[in-house]
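Novice: Could you build all of it, start to finish, from the sequences and the hints given here?
Chains as they are written, first to last, in the numbering used here: chain A, 1 to 122; chain B, 123 to 938.
Bear in mind the hints are in silico, worked out from the structure with no lab data behind them.
EDC-like mimics (lysine to aspartate or glutamate), calculated; alpha carbons at most 20 Å apart, straight line:
1. A/K36 <-> A/D11
2. A/K102 <-> A/D10
3. A/K102 <-> A/E33
4. B/K687 <-> B/E646
5. A/K36 <-> A/D10
6. A/K102 <-> B/D752
7. A/K36 <-> B/E869
8. A/K102 <-> B/D876
9. A/K102 <-> B/E715
10. B/K687 <-> B/D785
11. A/K69 <-> A/D37
12. A/K102 <-> B/D758
13. A/K36 <-> A/E63
14. B/K687 <-> B/E661
15. B/K687 <-> B/E644
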Amino acid sequence: LDARILIVDDDHSLRRSLARLLRAHGYGVIEGESAKDALRLAREQAPVVIVIDLLMPGRSGVEAAIDLKTDAATAHIPLIALTASQMPLEIDRTLFAQTLAKPCPPGALLQAIELAQRQSAP
Amino acid sequence: LAINASGRTNELTGMSSDADAARLSMSAPALALTSALLYAIGAICGLALRLPDHTVPALWPPNAILLTLLLRVPAGRWWIVLLAAVPAHFLVTALVGYSWWRIAWQLAHHLTSVLAIGLGLKVILSAKSPFGSLRAFLVYLGIAAVAGPALAATISPATWLAPIGQGPQTWLVSFLSYSLAFLALTPAIYVWSLRGLDGMWRGQSRDYLEALLIASAMYVAYMLVFPGGSDRHSPLYLFVIPLLWAAARFGLAGATLSVAVAVLAAGFTKVMPRSLSVADIAGADVIDLQIFLIASSLTTLLMAVIMEERQRSLLALRDSEVRYRAIVETQTELVCRNLPDTTLTFVNEAYCRHFGRTREQLIGRSFLELLPRSAWETVRSRLRGLSRATPTMIHEHEVLLPNGKVGWHQWSNTAIFDRQGRVIEIQGIGRDITALKLIERTLRQSDERFQLVLRATNDLIFDWDIVGGGFWTSADGRWAEPTVRGEPWTFESWGTGIHDQDRDRVLRELNIALSSANHAWEIEYRRQQPDGQVTYVYERGYILRDTDGNPIRMIGSRSDISDRKRLEEANRSLSRIARLATIGEITASIAHELNQPLAAILNNAEAGLLMLPENADDQIRAILEDIKRDDLRASDVIHRLRPLLRNREVRREPVDVDKTVADAVDLARAESRRRHIAIDVRCRSGALIQGDRTQLQQVLLNLLLNGLDAMADTPEPMRAIVVSTHCPDDEHVRVAVIDRGCGIAPEQLQDIFDSFVTTKADGMGLGLAIARSIINAHGGRIWAQNNADGPGATLSFELTCEPAHRQRQWGVLNAG
Numbered sequence: 001l002d003a004r005i006l007i008v009d010d011d012h013s014l015r016r017s018l019a020r021l022l023r024a025h026g027y028g029v030i031e032g033e034s035a036k037d038a039l040r041l042a043r044e045q046a047p048v049v050i051v052i053d054l055l056m057p058g059r060s061g062v063e064a065a066i067d068l069k070t071d072a073a074t075a076h077i078p079l080i081a082l083t084a085s086q087m088p089l090e091i092d093r094t095l096f097a098q099t100l101a102k103p104c105p106p107g108a109l110l111q112a113i114e115l116a117q118r119q120s121a122p
Numbered sequence: 123l124a125i126n127a128s129g130r131t132n133e134l135t136g137m138s139s140d141a142d143a144a145r146l147s148m149s150a151p152a153l154a155l156t157s158a159l160l161y162a163i164g165a166i167c168g169l170a171l172r173l174p175d176h177t178v179p180a181l182w183p184p185n186a187i188l189l190t191l192l193l194r195v196p197a198g199r200w201w202i203v204l205l206a207a208v209p210a211h212f213l214v215t216a217l218v219g220y221s222w223w224r225i226a227w228q229l230a231h232h233l234t235s236v237l238a239i240g241l242g243l244k245v246i247l248s249a250k251s252p253f254g255s256l257r258a259f260l261v262y263l264g265i266a267a268v269a270g271p272a273l274a275a276t277i278s279p280a281t282w283l284a285p286i287g288q289g290p291q292t293w294l295v296s297f298l299s300y301s302l303a304f305l306a307l308t309p310a311i312y313v314w315s316l317r318g319l320d321g322m323w324r325g326q327s328r329d330y331l332e333a334l335l336i337a338s339a340m341y342v343a344y345m346l347v348f349p350g351g352s353d354r355h356s357p358l359y360l361f362v363i364p365l366l367w368a369a370a371r372f373g374l375a376g377a378t379l380s381v382a383v384a385v386l387a388a389g390f391t392k393v394m395p396r397s398l399s400v401a402d403i404a405g406a407d408v409i410d411l412q413i414f415l416i417a418s419s420l421t422t423l424l425m426a427v428i429m430e431e432r433q434r435s436l437l438a439l440r441d442s443e444v445r446y447r448a449i450v451e452t453q454t455e456l457v458c459r460n461l462p463d464t465t466l467t468f469v470n471e472a473y474c475r476h477f478g479r480t481r482e483q484l485i486g487r488s489f490l491e492l493l494p495r496s497a498w499e500t501v502r503s504r505l506r507g508l509s510r511a512t513p514t515m516i517h518e519h520e521v522l523l524p525n526g527k528v529g530w531h532q533w534s535n536t537a538i539f540d541r542q543g544r545v546i547e548i549q550g551i552g553r554d555i556t557a558l559k560l561i562e563r564t565l566r567q568s569d570e571r572f573q574l575v576l577r578a579t580n581d582l583i584f585d586w587d588i589v590g591g592g593f594w595t596s597a598d599g600r601w602a603e604p605t606v607r608g609e610p611w612t613f614e615s616w617g618t619g620i621h622d623q624d625r626d627r628v629l630r631e632l633n634i635a636l637s638s639a640n641h642a643w644e645i646e647y648r649r650q651q652p653d654g655q656v657t658y659v660y661e662r663g664y665i666l667r668d669t670d671g672n673p674i675r676m677i678g679s680r681s682d683i684s685d686r687k688r689l690e691e692a693n694r695s696l697s698r699i700a701r702l703a704t705i706g707e708i709t710a711s712i713a714h715e716l717n718q719p720l721a722a723i724l725n726n727a728e729a730g731l732l733m734l735p736e737n738a739d740d741q742i743r744a745i746l747e748d749i750k751r752d753d754l755r756a757s758d759v760i761h762r763l764r765p766l767l768r769n770r771e772v773r774r775e776p777v778d779v780d781k782t783v784a785d786a787v788d789l790a791r792a793e794s795r796r797r798h799i800a801i802d803v804r805c806r807s808g809a810l811i812q813g814d815r816t817q818l819q820q821v822l823l824n825l826l827l828n829g830l831d832a833m834a835d836t837p838e839p840m841r842a843i844v845v846s847t848h849c850p851d852d853e854h855v856r857v858a859v860i861d862r863g864c865g866i867a868p869e870q871l872q873d874i875f876d877s878f879v880t881t882k883a884d885g886m887g888l889g890l891a892i893a894r895s896i897i898n899a900h901g902g903r904i905w906a907q908n909n910a911d912g913p914g915a916t917l918s919f920e921l922t923c924e925p926a927h928r929q930r931q932w933g934v935l936n937a938g
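Specialist: Next up, the structure:
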């Protein structure tokens, strides 16, 4: 499979476990640990879906999402948000294709990735 | 004659005013012997005094001697004197050769007349001296010089046995001889026997010289009149001069002595001056002599008595003046007299001493000079106010003391009027009341201080007279006691006003305190005011006890501690809420921290299962399945725990935001007052939301406490917190807490609401985290920003409110 997923999360063990899971399901996985990584890797590797943790030190996931959506090279890539807290109501839903609460069951994430791929496919 | 004033009286009169001292105190035999001896001497003299051609003597001394003795002994001993005269008389007269019955008759008539005179004087004068006053002397003259001699002459044998036709003349000679003896001899013996010979030597040399002069003058006059047998009358007048001189200068003592000497001398001369004869009738010469001597003696003695009496009253007057002057001068009170224009006319010693000036410096000057100018007008007008209607006044004013200080005097002034009723002089008695005034002022200041302290502490001071039942309080209306005023305070009446639930405890404690040996009393309890309001009070007292340890009085204070009590209560409920919220927050934090590793474990297990080849060992697959299942179970526990805690007890009910804010601020007031920070509430949003009022108050309190903490180092005048509510749009209400504290570091602005994030040394970092979790649970948001218009930060939160609610709320408000 060609589909590459970019996972951005500062929690090392969670990120790695997610990467393993997605690989096991046949996805290619790129890992980043900060908002800065997200933009760089998205440009270089052109992932099909980006999964972003919203709570990160430095620039937050929301800011990273805004960066990605405002960059022409990455604007088309669907974003899936992971959030630990209750979903902040004021987050612009247009930024993210899906918002998942941490911890999400593995099935829910896979389902969300597939959905995001289909929505961005046409 | 310079003899001190008090001694002078007795010196001049020659006798004591004390009747007892005038009595001879000797034994009965001695008295009898003395009487007999004196009588005998007198009788011998009497016989010797007979003129050559007369049977009747010109002067008969024994009777005078007997009378003197009677006057000098108590009536109870008269019989001794009279009986003693009997043998003496017989002895002496036997020499003359009268028949025995004639001698007995003579004796009887002598004793009878003397006894009669003695009784008469005794009855009228009692024990008083017959020469002590003019009145007594006149009585003496009437009885001893007239009545007595008349009686004696009447019953005399000489009168009855005289040759025919000579009876009246013999009566007259007898009468005059008795009278002369009582006039010339009795006073002299009486006065000089009392005076004694000591008195002779007490005068000054000048006095002796004068006495000698008088004696010389008497001698010259005597020589001119008697031995010379002068034919002319003029020397007779010379004779009177030394007698009067003696009376004038030496009083009764001088007069009696000189009279006695003159009469005896004249009697013994036995040569009748021719000049004395008034008529050339035989036998009349002795009568002329007797009359001359009686006249001179009478004049001299009367003058002496009158002069002594005047002298005595003069001396008494001077004595009393000296006494009064001494009183005025030795007074510690200030005494002065002044004219109505305040000019001093008299000041006493104390007055001079007090002002440190001499009399000469004060008399003739106005006493206003001694007063500060400020007191002049008052004193003048007070003096003008004196009149017949109000002749006396008491007033107080300031005075200038010699040490330069200002003192206080109290004066009692009395006006003295002339016949027209005008004030001519004012007499004042004053005393220094500076010390009193000082005490008065100190007392007033002390009382004022006490009153101010009372006002400052707002305490009630009570003083309970346990024995008498009196109860004094500094009540100012705020502490109205429900007992009826005037009713004595007892142990029971103490209980009125105490809250029903506390009464038994307070009375029990009070009873214990009173019956123990302790002096201290201390208690906290609730009081029920008559209007139903309940206050918390803290009472402290000191119990005074008598020597047996019984309580007699309790004095103490009662403070209203309602504010503190309410704050304590609020703090207690607040800390309970905080504790609950903290547990929730900690749990939530732990759940959050566990979520990540649990998710990672689950992902790894899933990935492991997917990566296992089809033919792999079932054991490993089972292991991974177990891990996955347990992980899911743990996640499920946390998942179920989280929303439960997050939304714990969030009741949904209509909440008036403004009122909730105001209530929370009220709770924080005590704390803010303690820290001298003003809280300004500007709540006019009128918004109504759905939520939990208690939890929202908790949020506000946390924000307020955060603001108060932030201003710990802010200068006091700048310490202020503003709490405001407003609606940025129809759907939201925003609450902002603005402080003027140290602000928030920019890098902390984001995570100030996270758990365990704190800028305070002793903070847990949970207050704001709890606030955020509550606001989140209410579907709102919370944030912090530093103020743009100065120091400090603003912490705000926003909640959703129904437009309809808001409208309705406005309506209700407007209608209300």
